[in-house]
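Start from the sequences, fold in the hints, and give me the full structure.
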Amino acid sequence: MTTLNVASSMHAFKSKVALRDDSQGILSLETINQKAWRETIDKLAGWQWDIEELYDEGIIPPSEGIIQTAIELSFRLNEEGYVAPSSVVPDGDGGVVFTHRNGVITKKIHLWDDGSICLSEYEDASLVRRTKLPLA
Amino acid sequence: MGDESDPIDGEEVLYRRIPASQGWYDEATKELNSAAFHPNRNDETGISIVRGKYKTVKQAAMGRTGKKYYVAVLKASDLAQQGITVASRPELPDGKIDKAHAELPELNKDNRRSDEVASLEEILAQKLTREVLGPYYS
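First to last, the sequence lines map onto chains H and D. Heads up: the first sequence at position 124 corresponds to 124 in our numbering, and the numbers run straight through without jumps. So the number in our numbering is just where the residue sits in the second sequence, counting from 1, plus 136.
Keep in mind the hints are simulated off the structure, nothing from the lab. Backbone N, C-alpha and C fix where the C-beta goes; we use that ideal spot for every residue, glycine too. There could be a bad hint or two in this list.
[Claimed, not checked] Which bits of chain D does chain H cover? Going by a derived footprint, with three or more residues having C-beta under 8 Å, they are:
1) 155-166
2) 171-185
3) 199-206
4) 252-264
[Said to hold, decoys possible] Covered, in the sense of this in silico footprint (three residues per stretch, anywhere, with C-beta under 8 Å from a C-beta of chain D), are these stretches of chain H:
5) 51-61
6) 96-102
7) 125-131
[Stated by the list, open to error] Derived lysine-lysine pairs resembling DSS-like cross-links, with alpha carbons at most 25 Å apart:
8) D/K166 with H/K43
9) D/K235 with D/K191
10) D/K203 with H/K43
11) D/K263 with D/K194
12) D/K235 with D/K245
13) D/K204 with H/K43
14) D/K204 with D/K235
15) D/K204 with D/K166
16) D/K211 with D/K245
17) D/K189 with D/K232
18) D/K211 with D/K235
19) D/K191 with D/K232
20) D/K245 with H/K132
21) D/K194 with D/K232
22) H/K35 with D/K166
Next comes the structure, spelled out in structure tokens:
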């Protein structure tokens, strides 16, 4: 699979989750992040269950294999401590896009329909960095 | 290229249909994902745009029966300032004629993975979309 050597290639793209003491019953940022990853994975799994929902005029939905790759990638990035995406959407061309927005900075992980991956970073909508990772 | 007999004026309003099924527009946050402008393998000569000169927003939103759509509103002169061409393309792939049909030739199936397109998609979604209207039901 494409997935699992990806995380090690993403250092330049990485923004680790800061940890906070949750001894007083406040959810730690780590816990919140894991919950967000869980929601991302649930959303992807939902597509597997009901792919028909993604069919639309002019749209090519992701295959079952690509959705599975997106799920495995999500598990791996969560385990590695990456910040969960703000959104995960189909790209309309058989792929999947994870987007993380933080102020004017937007980071995207684009999983293409062939399983290859592209990392992009934008500042105020201007592309500042883009890295294409080869197929594993 | 485009239909030179019916050029697109800078003041012309343009619409990009956005299927709600893809989650590209978040009503809660008002964020539009740039995937809304991503070409796919069927966009031979450019992604489709609807000319406001010939169709209403509701007409621009029409798609598959039973589905829901948003519409991103753009202005031709804004795109021109970013170097994005808008070409009038009334002849559809199935041979039908639709005067409202136009395309953005710089975003097409052949260059859809390029840095240039990745850049333009984000600019279109974050900078050039004036508003998102809808949802409308087909």
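Results of checking the hints against the structure:
With 6 residues having a Cβ less than 8 Å from any Cβ of chain H, the region 155-166 of chain D passes the three-residue criterion, so the hint holds. Check on the region 171-185 of chain D: 7 of its residues sit with their Cβ under 8 Å from a Cβ of chain H, so the three-residue criterion for coverage holds. With 3 residues carrying a beta carbon less than 8 Å from a beta carbon of chain H, the region 199-206 of chain D meets the three-residue requirement, and the given coverage holds. For the region 252-264 of chain D, the stated coverage by chain H is satisfied: 7 residues place a CB nearer than 8 Å to a CB of that chain, which reaches the threshold of 3.
For the region 51-61 of chain H, the stated coverage by chain D is satisfied: 8 residues place a CB nearer than 8 Å to a CB of that chain, which reaches the threshold of 3. Counting residues of the region 96-102 of chain H whose beta carbon lies closer than 8 Å to any beta carbon of chain D gives 3, which meets the minimum of three for the stated coverage. Chain D is given as covering the region 125-131 of chain H, and this holds because 4 residues of the stretch bring a CB closer than 8 Å to a CB of that chain, at least three being needed. A distance of roughly 20 Å separates the Cα atoms of D/K166 and H/K43; the hinted pair therefore holds under the 25 Å criterion.
For the hint linking D/K235 to D/K191, the alpha-carbon distance of about 9 Å falls within 25 Å, and the restraint holds. For a cut-off of 25 Å, the pair hint linking D/K203 to H/K43 stands: about 20 Å separates their Cα positions. For a cut-off of 25 Å, the pair hint linking D/K263 to D/K194 stands: about 23 Å separates their Cα positions. A distance of roughly 23 Å separates the Cα atoms of D/K235 and D/K245; the hinted pair therefore holds under the 25 Å criterion.
Among the hinted pairs, D/K204 with H/K43 is consistent with the structure: their alpha-carbon atoms are about 19 Å apart, no more than 25 Å. For the proposed pair D/K204 and D/K235, the alpha carbon gap of about 24 Å is at most 25 Å, so the pair holds. For the hint linking D/K204 to D/K166, the alpha-carbon distance of about 17 Å falls within 25 Å, and the restraint holds. In summary, the hint linking D/K211 to D/K245 is supported, as the alpha carbons are separated by about 23 Å, within the 25 Å threshold.
In summary, the hint linking D/K189 to D/K232 is supported, as the alpha carbons are separated by about 19 Å, within the 25 Å threshold. The suggested pairing of D/K211 with D/K235 holds, with an alpha-carbon distance near 17 Å, which does not exceed 25 Å. A C-alpha spacing of about 16 Å is found between D/K191 and D/K232, which places the hinted pair at or below 25 Å, so the restraint holds. Using a Cα cut-off of 25 Å, the hinted pair D/K245 and H/K132 holds, with the two alpha carbons roughly 18 Å apart.
A C-alpha spacing of about 20 Å is found between D/K194 and D/K232, which places the hinted pair at or below 25 Å, so the restraint holds. At most 25 Å may separate the alpha-carbon atoms for a hinted pair to count; H/K35 and D/K166 meet this at roughly 23 Å.
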